[in-house]
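Undergrad: Protein chains in written order, with our numbering: chain A, 1 to 510; chain B, 1 to 246.
Read the hints as simulated data drawn from the structure, not as lab findings. These numbers were taken from a predicted model, which means no experiment stands behind them. C-beta: ideal position from N, C-alpha, C; glycine also. Do not take every clue at face value.
To be verified - Calculated lysine to aspartate or glutamate pairs in the EDC-like style (CA-CA distance at most 20 Å, straight line):
#: 1; chain 1: A; residue 1: K113; chain 2: A; residue 2: D53
#: 2; chain 1: B; residue 1: K154; chain 2: A; residue 2: D265
#: 3; chain 1: A; residue 1: K489; chain 2: B; residue 2: D207
#: 4; chain 1: B; residue 1: K63; chain 2: B; residue 2: E87
#: 5; chain 1: A; residue 1: K489; chain 2: A; residue 2: E63
#: 6; chain 1: A; residue 1: K489; chain 2: B; residue 2: D69
#: 7; chain 1: A; residue 1: K482; chain 2: B; residue 2: E138
#: 8; chain 1: B; residue 1: K49; chain 2: A; residue 2: E223
#: 9; chain 1: A; residue 1: K341; chain 2: B; residue 2: D149
#: 10; chain 1: B; residue 1: K177; chain 2: A; residue 2: E197
#: 11; chain 1: B; residue 1: K123; chain 2: A; residue 2: D339
As the list claims (entries may be wrong) - Just the calculated beta-carbon pair ranges, DEER-fashion:
#: 12; chain 1: A; residue 1: G139; chain 2: B; residue 2: A16; range: 37 to 45 Å
#: 13; chain 1: A; residue 1: E197; chain 2: B; residue 2: D9; range: 33 to 41 Å
#: 14; chain 1: A; residue 1: T386; chain 2: B; residue 2: D9; range: 30 to 38 Å
#: 15; chain 1: A; residue 1: L143; chain 2: B; residue 2: M1; range: 54 to 62 Å
#: 16; chain 1: B; residue 1: G213; chain 2: A; residue 2: Y159; range: 37 to 45 Å
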Amino acid sequence: MAHIELPQWQIDKVKSLAKDIAEDIQTFIDKKSSVSVERTILRLYGVDGALEDGTPIPNKIVELLDNIENGVSRPFAAAMLKTRQNPQTTAEKIIKGEIEFGGLQGFHPDLIKNTEILLSRAAVKRLDMAKVLKEIKKGAWKLPPQPWRYIIVASGNIYEDRIQAKSAAQAGADMIAVIRSTAQSLLDYVPYGATTEGYGGTYATQENFKIMREALDEVSQKEGRYIRLVNYSSGLCMAEIAACAALEDLDVLLNDSMYGILFRDINMQRTFIDQYFSRLICARAGILINTGEDNYLTTSDAMEKAYTVTASDLINEATAKRAGLTDDLLGLGHAFEIDPKIENAFLYELAHAQLARELFPNAPLKYMPPTKYKSTDIFFSHCLDTMFNLASVTTKQGIHLTGLLTEAIHTPLMQDRYQSLSSVNYVFNIARNLGDEIEFKKGGIIETRAKEVLDEADKCLEEVKEIGLMESIARGRFADIKRPIEGGKGLDGVFEKGKNYSNPIMEALK
Amino acid sequence: MKPYGDTLDDGIVQLAFTLPVEYSEKAKKAAEMYVSKLNFEDISVVHTKKVADGFTYFVVYGKAIPDLDYSTVKVSEIKTKYMTFYEINEIIESKIGRKLSAVGATIGTDAHTVGIDAIMNMKGYHGDYGLERYPGFETYNMGAQVSVDDLLIKAQLVSADAILVSQTVTQKNAHIKNFSRFMQIVNNSKLRNNFIILAGGARVTNDLAIKLGYDAGFGPGTLPSHAASFIITKILEGKDENKTQS
Numbered sequence: 001m002a003h004i005e006l007p008q009w010q011i012d013k014v015k016s017l018a019k020d021i022a023e024d025i026q027t028f029i030d031k032k033s034s035v036s037v038e039r040t041i042l043r044l045y046g047v048d049g050a051l052e053d054g055t056p057i058p059n060k061i062v063e064l065l066d067n068i069e070n071g072v073s074r075p076f077a078a079a080m081l082k083t084r085q086n087p088q089t090t091a092e093k094i095i096k097g098e099i100e101f102g103g104l105q106g107f108h109p110d111l112i113k114n115t116e117i118l119l120s121r122a123a124v125k126r127l128d129m130a131k132v133l134k135e136i137k138k139g140a141w142k143l144p145p146q147p148w149r150y151i152i153v154a155s156g157n158i159y160e161d162r163i164q165a166k167s168a169a170q171a172g173a174d175m176i177a178v179i180r181s182t183a184q185s186l187l188d189y190v191p192y193g194a195t196t197e198g199y200g201g202t203y204a205t206q207e208n209f210k211i212m213r214e215a216l217d218e219v220s221q222k223e224g225r226y227i228r229l230v231n232y233s234s235g236l237c238m239a240e241i242a243a244c245a246a247l248e249d250l251d252v253l254l255n256d257s258m259y260g261i262l263f264r265d266i267n268m269q270r271t272f273i274d275q276y277f278s279r280l281i282c283a284r285a286g287i288l289i290n291t292g293e294d295n296y297l298t299t300s301d302a303m304e305k306a307y308t309v310t311a312s313d314l315i316n317e318a319t320a321k322r323a324g325l326t327d328d329l330l331g332l333g334h335a336f337e338i339d340p341k342i343e344n345a346f347l348y349e350l351a352h353a354q355l356a357r358e359l360f361p362n363a364p365l366k367y368m369p370p371t372k373y374k375s376t377d378i379f380f381s382h383c384l385d386t387m388f389n390l391a392s393v394t395t396k397q398g399i400h401l402t403g404l405l406t407e408a409i410h411t412p413l414m415q416d417r418y419q420s421l422s423s424v425n426y427v428f429n430i431a432r433n434l435g436d437e438i439e440f441k442k443g444g445i446i447e448t449r450a451k452e453v454l455d456e457a458d459k460c461l462e463e464v465k466e467i468g469l470m471e472s473i474a475r476g477r478f479a480d481i482k483r484p485i486e487g488g489k490g491l492d493g494v495f496e497k498g499k500n501y502s503n504p505i506m507e508a509l510k
Numbered sequence: 001m002k003p004y005g006d007t008l009d010d011g012i013v014q015l016a017f018t019l020p021v022e023y024s025e026k027a028k029k030a031a032e033m034y035v036s037k038l039n040f041e042d043i044s045v046v047h048t049k050k051v052a053d054g055f056t057y058f059v060v061y062g063k064a065i066p067d068l069d070y071s072t073v074k075v076s077e078i079k080t081k082y083m084t085f086y087e088i089n090e091i092i093e094s095k096i097g098r099k100l101s102a103v104g105a106t107i108g109t110d111a112h113t114v115g116i117d118a119i120m121n122m123k124g125y126h127g128d129y130g131l132e133r134y135p136g137f138e139t140y141n142m143g144a145q146v147s148v149d150d151l152l153i154k155a156q157l158v159s160a161d162a163i164l165v166s167q168t169v170t171q172k173n174a175h176i177k178n179f180s181r182f183m184q185i186v187n188n189s190k191l192r193n194n195f196i197i198l199a200g201g202a203r204v205t206n207d208l209a210i211k212l213g214y215d216a217g218f219g220p221g222t223l224p225s226h227a228a229s230f231i232i233t234k235i236l237e238g239k240d241e242n243k244t245q246s
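Isolated chain A (complex conformation) (with noise of 0.2 Å):
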């Protein structure tokens, strides 16, 4: 089988270094919490909506907080025996003025503490359903053999992306990525229902993500496999999207802080907050996550700066462990986006492939397809594709980002897919076994550059343990893009949680 001898030493040496700097990070995190994580407290009690300006009922319910350092929970809760009503009706209440929102309303703190509970394990509940469901549907429909084949819809209008989901379905794709409106990572809210406008892409919303997962139930019964949808829980929302998708039983998100810091200029405190929230939430509801380490190497160069995305997926690695995922829901991300014109680019790229393959043996890879060097000349980008799609089969990637020979050109016409997708069934097809049947020369060029990256990652590690993942982002060592620790969209949304601070969701999860 396909197989580099790596020093058992070093991998050893660099994921306790990488756990050793998502400790750091936590011991951060464990103090502070954001609105959007109090947000996601109210939508996972069961509040929804939003007023007729457009804005969503909890931002309104987190904004009406004078004093929020002790959080959402304990007020929402006094409130709720105050109306002994459901959640929902509570939050109309507390918006319409009819009842007092912000203290303890002279309700015994057990009392509160209890009503916390209840509504906490509520909440519990309908993740671990979301987990139930979508094993039944594993059952019943089985999965594809990996990698799996993963393809993006785009229009802006929920309707029309129903319709190119399902040809993409029919084509092959095993996985559909609803692409959110562009910029919708720096909205501070969840827009509200059905959307038939966007730009560069769909707004991610509740209700959005209910028509998707229909139309790919439908397609699923259709096909006999289990089509999985995909969304965004990334910018300044992860949490409240990552209860979203849960609620209406999406089965992998990208979720990646580092990705919005570096791409979005998100604030690194706000969503490494964000992110440890929304990662409990996909743990227990059995959402897979995906990582953006690939996009280091649309700026930096991918052969210089390979290290930076496997020092990144360790890390990552090791904050989701944090967080209770477990391998199986752990699509860590890396690319195919060597400079075609260098002779044994795809040597390279099977060292780097091989190389993620080896460090995380058990994880579903994202592998992402060349977007840097694919050329106007649509000819030439799909035999670039059809190369990635060999790396890909051979050193058993987990998800497959289908490379579109149109990529800088358009979004993808209904027969870009069609025809990239042909490309993906062909390769996979005639070199399902291929990986099982190589094996790679001792001392040569694959195993020399394996070693390589490797050696360079575990320097990088050890750098950024030393003066802390923060400063090294600010210091620019990722994807040679700078980000101050104070800089970025949504800092004055995070707070020190106070002495009462409560959030028992995040406890029973943890």
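Got chain A; can you put chain B on it based on the hints?
TA: Chain B only, in chain A's frame:
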């Protein structure tokens, strides 16, 4: 002149498209008839494939009927002589005598920085260094999804000599709308003469850029030194007179 397949003036063109009809013999005939309406002859529908319920994909060859007198073709080519990294630095130092400032961004909702990064970042593109690497350039790459206002404000703040506007991926011709909006704001602010303004991206041609009021347009395959050559040539041509002395 006609398209060339394997014999002069055979006019052979290959087409690929999807029709919103279910796969059938009738669909195939419809594809042939449609291509004939496009004014092709000797049409052969070589590939027909169902790509989804109610959608069929075709690959078609046909012979084009019209011909074109090549001597009547007029195009606004960028007339700048392209120089190397070293020649450009030398000219900035000896003839311009100050650092040039360039601001770049991908505007609108386009999230792709591939184009602007290739031109501006240290690394550059295809072995050609990016503007950031030039000692004679002070560069500000604002990344993607930058609003037209922010880009113009930044350009004023740093007294930019050149503004590089990029649009990579487009949907329903959004790149043209975005390029136009930026130029409109520049014109409304009466700042057009303050900057050399370049448009770049996968769908950009010099013709399009000129039509939209830009100084030049750079399409696929552009190297950073091409953009730099254009900027310094423009400055030497006297566009610099409008700038306050730095």
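Undergrad: A separate judgement is required for each hint: does it hold in the structure or not?
TA: Right, here's what the structure says about each hint:
At roughly 34 Å between alpha-carbon atoms, A:K113 and A:D53 are farther apart than 20 Å, so this suggested pair is violated. For the hint linking B:K154 to A:D265, the alpha-carbon distance of about 18 Å falls within 20 Å, and the restraint holds. Between the alpha carbons of A:K489 and B:D207 the distance comes to roughly 39 Å, so the proposed pair goes past 20 Å and is violated. Taking the CA atoms of B:K63 and B:E87, the gap is about 47 Å. The hint is violated against a cut of 20 Å.
The hinted pair formed by A:K489 and A:E63 meets the criterion: a straight-line CA distance of about 18 Å does not exceed 20 Å. Only pairs whose Cα atoms come within 20 Å are accepted, and A:K489 paired with B:D69 is rejected, the gap being roughly 57 Å. Between A:K482 and B:E138, the direct Cα distance comes to roughly 18 Å. Compliance with the 20 Å bound is thereby established for this hinted pair. About 18 Å separates the Cα atoms of B:K49 and A:E223, which keeps this hinted pair within 20 Å; it holds.
Taking the CA atoms of A:K341 and B:D149, the gap is near 39 Å; set against the 20 Å cutoff, the hint is violated. Under the criterion of a C-alpha separation no larger than 20 Å, the hint pairing B:K177 with A:E197 is consistent with the structure, at around 17 Å. Taking the CA atoms of B:K123 and A:D339, the gap is about 13 Å. The hint holds against a cut of 20 Å. The supplied range of 37 to 45 Å is met by A:G139 and B:A16, whose beta-carbon atoms lie about 41 Å from each other.
Distance hint check for A:E197 and B:D9: the Cβ-Cβ separation is about 48 Å, which falls outside the suggested range of 33 to 41 Å. The hinted window of 30 to 38 Å between A:T386 and B:D9 holds, with their beta carbons roughly 34 Å apart. At roughly 55 Å, the beta-carbon separation of A:L143 and B:M1 lies within the given 54 to 62 Å, and the hint holds. Look at B:G213 against A:Y159: about 38 Å separates their beta carbons, and that is inside 37 to 45 Å.
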